[in-house]
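Visitor: Generate coordinates for the entire structure from the input sequences, incorporating the hints supplied.
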Amino acid sequence: MYVCVTRRRRSVRSVNQKGDKHSYTLYLSNANQNSSKPKDHLYKILVIGDLGTGKTSIIKRYVHRFFTQHYRATIGVDFALKVLNWDDNTLIRLQLWDIAGQERYGNMTRVYYKEAVGAFIVFDVTRRTTFESVVNWKSDLDSKVQLPDGSPIPCVLLANKCDQPAEGIVSNPSKMDEYCQENGFAAWFKTSARDNINIDEAARGLVEKILECDSLINNERDKETDHFSLTKDSNGQPESRKCSC
Numbered sequence: 001m002y003v004c005v006t007r008r009r010r011s012v013r014s015v016n017q018k019g020d021k022h023s024y025t026l027y028l029s030n031a032n033q034n035s036s037k038p039k040d041h042l043y044k045i046l047v048i049g050d051l052g053t054g055k056t057s058i059i060k061r062y063v064h065r066f067f068t069q070h071y072r073a074t075i076g077v078d079f080a081l082k083v084l085n086w087d088d089n090t091l092i093r094l095q096l097w098d099i100a101g102q103e104r105y106g107n108m109t110r111v112y113y114k115e116a117v118g119a120f121i122v123f124d125v126t127r128r129t130t131f132e133s134v135v136n137w138k139s140d141l142d143s144k145v146q147l148p149d150g151s152p153i154p155c156v157l158l159a160n161k162c163d164q165p166a167e168g169i170v171s172n173p174s175k176m177d178e179y180c181q182e183n184g185f186a187a188w189f190k191t192s193a194r195d196n197i198n199i200d201e202a203a204r205g206l207v208e209k210i211l212e213c214d215s216l217i218n219n220e221r222d223k224e225t226d227h228f229s230l231t232k233d234s235n236g237q238p239e240s241r242k243c244s245c
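The opening position of the sequence shown corresponds to residue 1 in the UniProt record's numbering, with each subsequent residue numbered one higher.
In short, the hints are calculated from the structure, not lab data. One should not assume that every hint holds.
[What the hints assert, rightly or not] Capping the alpha-carbon separation at 30 angstroms, the derived lysine-lysine pairs in DSS-like fashion look like this:
(1) Lys209 - Lys37
(2) Lys114 - Lys209
(3) Lys39 - Lys60
Guide: Here is the structure:
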């Protein structure tokens with residue numbers, strides 16, 4: 001007797017010496033293990049905003065669960081990884097890009113923004129000028145990265161350092177709601193990295209928006225993975241690449 005295993009169909013077909021064929025389905029243990037594995041997502045998230053608004057503090061609080069006031073200003077870009085067991089069937093890895101506040105005035109942001117699927121824009125509620133810069137950050141973001149259908153990536157506005165006295169319209173939730181709607185923000189949150197206020201809630205809100213766009217994102221990734229091209233010669237046969245040297 002010989003056994004032929006077809007993993008894709010998860011079936012086993014046995015043939016005895018008399019030539020009688022009997023097919024039946026077996027649920028293989030390894031197939032069960034594969035089917036029970038959670039779906040794994042990797043999302044690139046940008047964290048942008050003016051210098052000194054607390055971007056690094058927010059990321060440290062969210063990823064490492066601690067806060068310190070002794071941070072050096074980020075130079076260029078820094079990275080952090082957060083793994084979320086979203087539900088029994090979903091594992092999410094967030095690749096957080098902490099981009100220096102002065103980078104909006106440079107030419108590197110297009111490189112940093114590439115392939116991002118979500119963003120936080122952070123301002124300091126105690127410094128009105130950082131809020132005034134938000135619209136510029138959002139405009140820069142929308143011009144340099146989009147979803148596959150051309151729409152803006154989900155973006156959440158963080159009104160950080162809410163444990164301190166605030167300036168401007170951040171004290172008026174209805175005006176903040178109106179501002180976010182006019183400027184294309186998915187949501188906004190008052191946050192404090194020091195007191196751990198709304199950090200997890202803001203991240204969850206952004207991930208929920210990204211998941212709503214997940215099929216669009218993954219379809220585009222599949223196209224990029226599967227895409228290839230061949231150059232044909234005059235006889236219609238694939239032509240190998242030639243070295244010009």
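Visitor: Are the hints correct? Go through all of them and say.
Guide: Now for the hints, and whether the structure bears them out:
1. Lys209 - Lys37: holds (23 angstroms)
2. Lys114 - Lys209: Measuring from Cα to Cα gives roughly 19 angstroms; hence the hint holds.
3. Lys39 - Lys60: Distance of about 26 angstroms is within 30 angstroms: holds.
Violated hints for the displayed structure: none, as all numbered hints are satisfied.
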